[in-house]
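Each protein sequence line maps, in turn, to chains A and B. For the first sequence, position 39 matches number 39 in this note's numbering, and the numbering has no gaps at all. For the second sequence, position 106 matches number 106 in this note's numbering, and the numbering has no gaps at all.
Because the hints were derived from the structure by calculation, they are not lab data. Among the clues, some could well be false.
As the list claims (entries may be wrong) - Using 25 Å as the maximum straight-line C-alpha spacing, the simulated SDA-like pairs for lysine to any residue come out as follows:
#1 B:K39 <-> A:H24
#2 A:K142 <-> B:K260
#3 B:K260 <-> A:K97
#4 A:K97 <-> B:K257
#5 B:K39 <-> A:K180
#6 B:K257 <-> B:M196
#7 B:K56 <-> A:H24
#8 A:K180 <-> B:N100
#9 B:K260 <-> A:D157
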Amino acid sequence: MISSQTFGDPGKMRDYHYTGPVEHRFSPYAFNGGTVLAVAGEDFAIVASDTRLSEGYSIHSRDSPKCYKLTDTTVIGCSGFHGDCLTLTKIIDARLKMYKHSNNKTMTSNAIAAMLSTILYGRGFFPYYVYNIIGGLDEHGKGAVYSFDPVGSYQRDTYKAGGSASAVLQPLLDNQIGFKNMEGVQHVPLTQDKAVQLVKDVFISAAERDVYIGDALRVCIITKEGISEQTVPLRKD
Amino acid sequence: MALFQVSGFTSYLELRGQILPAGQTQLVDRTNHYNFGTKTQEFAVPLGVDPSGFLKSCNRDGGVCIDLNHGTTTLAFKFKYGVIVAVDSRASAGRYLASNDVNKVIEINPYLLGTMSGSAADCQYWERLLAKECRLYRLRNNQRISVAAASKLLCNMMLGYRGMGLSMGSMICGWDKEGPGLYYVDDEGKRLSGRMFSTGCGSSYAYGVVDSGYRDDMTVEEAYELGRRGIAHATHRDAYSGGVVNMYHMQEDGWIKVCKEDVSELIHRYRKGMF
């Protein structure tokens with residue numbers, strides 16, 4: 001059942017009448033759904049994304065994860081318009097290789113974040129429709145998360161959700177990881193196992209309430225030993 | 001030519017390249033696939049449409065909703081003991097609160113600060129570029145850049161892209177040979193020197209509070225309290241401002257970070273005087 005208030009301006013009842021001829025322009029963008037989440041711990045980072053690729057009412061693929069490995073200590077999650085995600089990750093890969101060849105070292109997480117900000121801003125007048133979140137280890141081995149808007153504004157966070165269900169996930173993370181709006185709780189730092197379990201639970205809840213989330217969850221855990229991946233099934237409806 | 005080089009004559013083009021950093025950028029429709037924009041900064045523009053209205057026109061098609069981080073209250077004022085800079089820390093993307101702890105003050109060098117309001121990406125990018133130019137100035141001329149010159153550089157960068165939809169309202173504060181300096185620069189190319197400015201969507205509320213409590217001979221503690229109140233009351237009434245108050249004090253020997261206080265706690269403290 002589709003609620004009559006789903007489309008159009010939120011909060012306004014849609015008027016059903018003929019508005020006259022409407023010009024349909026080619027839009028360079030499409031919305032392909034997907035949510036990405038990253039959490040930074042003391043000596044680990046987690047980047048997780050669902051694997052559903054949708055457009056409008058259709059599902060194009062049930063196995064299209066949105067986490068891309070950049071280096072041994074950095075993973076990026078890109079959601080939004082799939083075409084721009086693919087191009088952006090290709091450009092980031094090329095720039096990483098160029099850096100490696102000229103400087104003889106791998107880019108650190110914060111350098112990748114700063115570089116991504118300028119890449120995104122270079123398309124500020126015709127943006128990449130991508131919501132990016134970088135998760136990885138910084139030079140001191142501590143977990144780092146960098147979140148971006150489509151034109152390159154960024155900052156370092158402890159945890160962040162981006163993409164279609166970000167408004168559903170972020171308040172839950174604020175409460176469970178940030179201990180916001182809780183009285184009399186001890187601020188216990190997150191262990192790796194607890195963080196992974198929280199990420200799984202949070203996505204399972206999001207799949208209940210957002211149509212674009214489902215099918216499976218890909219979790220990438222970054223530690224100094226390397227990057228390990230887990231896949232968890234989600235609702236397929 | 002030999003004589004040309006020996007005489008130390010700088011050609012016009014080289015000079016222009018040094019004075020106008022934005023002059024090196026090109027507007028193209030896609031990133032150069034050999035250099036990827038590493039050699040010179042390139043900006044891609046959509047063909048055949050007005051860049052400033054382009055994003056809004058895309059927002060109605062098939063679920064596409066590109067909202068960029070926005071919104072603020074910032075204020076700065078000069079007084080007897082230097083310059084106080086106070087900012088909030090909220091970034092909103094449309095109706096969604098992207099973050100409640102953004103840093104809206106960029107520390108260009110120990111004697112220069114820049115504030116950010118308007119589009120977060122525009123402010124971060126251009127003020128970071130300004131920091132690079134200030135550093136280059138210091139290396140080329142062996143003295144720190146003046147506040148007037150730094151604000152002029154930023155103003156000229158904005159003028160280079162006037163009409164293309166940039167959104168930035170910034171205050172450049174510093175202490176140079178002329179004493180404490182405060183300039184307001186915005187995306188239209190406006191550049192004003194003054195004793196007190198406030199920018200952002202919550203600026204009217206901040207102006208009211210600071211105007212009513214401002215005296216030139218305030219003590220340092222009174223000035224801190226005024227800056228705090230200005231931001232706190234603005235965040236209370238403006239939906240797009242909030243988070244924490246980040247306050248800096250620009251003194252003769254550089255800036256110090258004064259405080260970072262949550263506005264809800266501040267409002268609770270001020271509750272006695274409100275009604």
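Structure-based check of all given hints:
no.: 1; hint: B:K39 <-> A:H24; verdict: 38 Å, violated
no.: 2; hint: A:K142 <-> B:K260; verdict: 24 Å, holds
no.: 3; hint: B:K260 <-> A:K97; verdict: 40 Å, violated
no.: 4; hint: A:K97 <-> B:K257; verdict: 39 Å, violated
no.: 5; hint: B:K39 <-> A:K180; verdict: 45 Å, violated
no.: 6; hint: B:K257 <-> B:M196; verdict: 19 Å, holds
no.: 7; hint: B:K56 <-> A:H24; verdict: 15 Å, holds
no.: 8; hint: A:K180 <-> B:N100; verdict: 12 Å, holds
no.: 9; hint: B:K260 <-> A:D157; verdict: 17 Å, holds
Checked against the numbered hints above, the structure violates hints 1, 3, 4 and 5; every other hint is satisfied.
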